[in-house]
Amino acid sequence: MSKNAETLSQQIKSVAGDAPVRLGLILGSGLGHIADAVDGVAIPYDDLPGFPHAGVSGHNPKLVIGDLEGVRVAVFGGRAHYYEKGCPT
828 MSKNAETLSQ QIKSVAGDAP VRLGLILGSG LGHIADAVDG VAIPYDDLPG
878 FPHAGVSGHN PKLVIGDLEG VRVAVFGGRA HYYEKGCPT
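Number 879 in the numbering used here belongs to position 52 of the sequence shown; there are no gaps in the numbering.
Do not take every clue at face value.
Stated by the list, open to error - With a cut-off of at most 27 Å between alpha-carbon atoms, the simulated DSSO-like pairs for lysine-lysine come out as follows:
| no. | residue 1 | residue 2 |
| --- | --- | --- |
| 1 | Lys830 | Lys840 |
| 2 | Lys889 | Lys830 |
| 3 | Lys840 | Lys889 |
None of these hints come from the bench; they were simulated from the model.
Because the structure is a prediction, the values reported are computed rather than measured.
Model the full assembly from the supplied sequences, consistent with the hints where possible.
Take a look at the structure:
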């Protein structure tokens with residue numbers, strides 16, 4: 828794992844704990860209500876160094892980690908799109 832990824836992982840664990848996540852979801856426009864249903868912690872993408880910002884209208888740029896219907900999940904409120912900035916380097 829790269830140093831940046833390790834740093835980011837440790838930062839997320841410091842906020843959300845280190846219990847394993849069983850399911851990851853990347854939400855699109857209009858699906859923010861799913862993240863709202865998670866009983867857990869929300870971390871804005873802006874607080875995650877080096878994490879690409881989801882700039883599309885309708886996305887809620889935050890990572891939510893917690894319990895959804897008895898399953899520990901990581902819910903990403905959107906993602907960066909190629910057409911926004913091109914290929915990341």
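Ascending list of hint numbers which this structure does not respect: none
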